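Each chain sits in its own coordinate frame; assemble them with the hints.
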Amino acid sequence: MVTILLAVVVLLTLGLALLIQRHEQSLQREVHERSEAEKEREEMKQALLQSQKLEAVGMLAGGIAHNFNNILYAIQGYVQMARADVDSKTISYQNLGKVLEAVERGQELVQGILCFSRREHYNLEQVSLKEVLESAIKLLHSTLPASVELSVNIDLGIALLEGNRTQLQQVFINIIRNAADSLGEKGKIVVQATVESDAEGLKLLRPGLPCAAYFVVNIADNGSGMSEDTLRHLFEPFFTTKDVGKGTGLGLATARSIVRDHRGEMVVQSVPNKGSTFIVLLPVSAGEKEKK
Amino acid sequence: MANILVVEDDMFVSDMLSQVLTRANHHVKTAKDGEDAVTVLKTFEPDVMVTDILMPKKSGTTLISEVRAQHPNMEIIAISGGGRADPIGYLDLSEELGAAISFAKPVDNDAILMTIDLLLAKKH
Chain Y
764 MVTILLAVVV LLTLGLALLI QRHEQSLQRE VHERSEAEKE REEMKQALLQ
814 SQKLEAVGML AGGIAHNFNN ILYAIQGYVQ MARADVDSKT ISYQNLGKVL
864 EAVERGQELV QGILCFSRRE HYNLEQVSLK EVLESAIKLL HSTLPASVEL
914 SVNIDLGIAL LEGNRTQLQQ VFINIIRNAA DSLGEKGKIV VQATVESDAE
964 GLKLLRPGLP CAAYFVVNIA DNGSGMSEDT LRHLFEPFFT TKDVGKGTGL
1014 GLATARSIVR DHRGEMVVQS VPNKGSTFIV LLPVSAGEKE KK
Chain H
13 MANILVVEDD MFVSDMLSQV LTRANHHVKT AKDGEDAVTV LKTFEPDVMV
63 TDILMPKKSG TTLISEVRAQ HPNMEIIAIS GGGRADPIGY LDLSEELGAA
113 ISFAKPVDND AILMTIDLLL AKKH
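Protein chains in written order, with the numbering used here: chain Y, 764 to 1055; chain H, 13 to 136.
Chain H extracted, bound-state conformation (with noise of 0.2 Å):
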């Protein structure tokens, strides 16, 4: 079991999101952007964020880039609808800000839950 803090603007893939990781036994909270994501981090320390990228107020690689250095042991995990054909590389350019790993949306269930899984086996 892990914290787990989702990062989704769209409400129902941080709701989808959020049951599939509790399903899988995680302690999750949610927050619907990057701004309400900094917020929650204040009294929460997860152990992986799962983030979206683009997001209003404050977007993802913004958000990455900003709490890499504060929460050095947290695992983060990006994700994007704009996928690896968007032009600015955002999944690559999200590796690149400290993100273990990104992805394309839709990712299947399973993979987030195996990454997850792998990036805790990894820390401990």
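Just chain Y, same shape as in the assembly (with noise of 0.2 Å):
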């Protein structure tokens, strides 16, 4: 008897033992849900956030570039007709020409901002990317100081995107030129551009995309690289680590956009003092593969 009430109290204990478990797991796994629930939408805020804050921005562009353009030209014209009444010796002939650097820096601002503002305005057509990086690169070999050492190796074969040239070149020139800022005196950039048809790649392009192959197009420097915090904020409109006057904080928030508009996609890896990979991936276009 008592061994049959013992048995019993021992299969009690684990079935209560066993049910505990399960709560446990259970509560576990809910604990678990609700804070990916929680991330999502943490995400989803900071999405929408970002969206509305690019939004912003290009509708005050529209709006002040024409105003500013005319208060830089004002600037600028009477201060030209002042350096030329003034003997150029003089350090008033000096200061009006850091006036007019000034007024420079504020065009390209200004131009910076439309540029980001009106992406959606351009046509698309058939392109070639390996076209598009080398007349970025040759465009930007007389602007890179002499010290920086630039390695391109392209393998695109014929594949064909669709998109727009000018925007898409505008996007290298952006990242290459930001790689070329971090470098020091001495340092290096590799260009490196292959087509790709894994599933992981493609699962980072924009979901239903009726593409079977995708460009990759890798940026790597050995410059200062980046702390989380800069790579968390590094695409936000305005933002730069740069020194006042050496940039405008739209170059690669732009660069992400017009990736973006091509329903591509770019990430960024990078390591303090190591040096950044930026990783451009957009769709070859349809039925262009089998091309290559």
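Don't take every hint at face value.
[Stated by the list, open to error] Pair ranges (Cβ atoms, derived):
hint, chain 1, residue 1, chain 2, residue 2, range
1, Y, E803, H, I113, 46 to 56 Å
2, H, P84, Y, L863, 35 to 45 Å
3, H, M126, Y, K1037, 47 to 57 Å
4, Y, Y856, H, A123, 52 to 62 Å
5, Y, S891, H, D120, 29 to 39 Å
6, H, M126, Y, G920, 41 to 51 Å
7, Y, G920, H, I113, 57 to 67 Å
[Unchecked claim] Computed list of lysine-lysine pairs in DSBU-like fashion (alpha-carbon distance at most 35 Å, straight line):
hint, chain 1, residue 1, chain 2, residue 2
8, H, K44, H, K70
9, H, K41, Y, K861
10, H, K135, H, K69
11, H, K44, Y, K861
12, Y, K893, Y, K802
13, H, K135, H, K54
The set of hints was computed from the structure by calculation and includes no laboratory data.
Fair warning: this is a prediction, and the values are worked out from it, not measured in the lab.
The beta-carbon is built from N, C-alpha and C at its ideal position, and this holds for glycine as well.
Here's what the structure looks like:
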């Protein structure tokens, strides 16, 4: 009798333990799911904030650009006249030259905002990414310091992309310029471009996109790299770690927006003091993969 | 020396351009928008008209299209604050309508003066 009772107690205890364990597992699962949902909500909130910020920049841009350029034009014109009346050996002449430099900086900022905000108006055509990259690099060569070593390896065959040549060129110019700025007196930038078709990369592109292959352009530098905090804000309009006057904070925001407009994605990997790699993924036009 | 009409709604830009051109010995009249320019053109025959694009009452592009036929010998220079990046393409449109050349603001003073010299030389 006692044995039976003991067996029942043991069984009940085991059953209870099992129930408690299951309950704990279910609780853990629920906590995990809630935490995932919370994370997702936070990401969506951040994405929404970002998109509202971009929209605000776009709306402001058109309105202010015209007036701002008039202001800059008046300043530039009057200063050029005043400078023509002053002896070029005087401090006043030099100071007026600095006003003109500031005007140039203002002009650069207005152009940056306009480029950023008016992306939606460009025409799409079948573009060779190889040609886009080659022309961007050709344009950049004369502006990069001689101490910067630029290595380029493009293996894209004849695959095409539906896009805008000028805008895509802007993407690579902005990224490579940014890479060059992160280098000290000496450094290296490596540009590699290939066509890939693995599922993992395709998943990164816009869901439902009818493409079987994608372009991968890696732009790596051995410059200063970025902290986690910088990486978090990297694509925000007007975010910059550069000295005043060295950057508008719109280059990378514009680049990523253009890539996304082309149904692509741009990701960054970076290690402080080691360097950064920008990876641009863009879909190959449907039916173009087999031509490679 | 040439007769030049500056059409510009921004008073600073208008005054500045007027001074730049006067210092280069040109005879300058100003109009504050396209409508005002049409009135000025009734009594003034400029060799060159420098016009802004986005202006109240009558825009630069409307002005160009209206006066082009009546003043076939007048050279037109269009300038715009929206620049080349504007979605409508006002600068290209102004050239299609009859402007000899167009510039995005801000324009270098020397660039405006040299352009006027070239346009005048072409005429003579």
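Next item on the list: Find the hints from earlier in the document that the structure breaks and name them by number, from lowest to highest.
Entry: 4, 7 and 12
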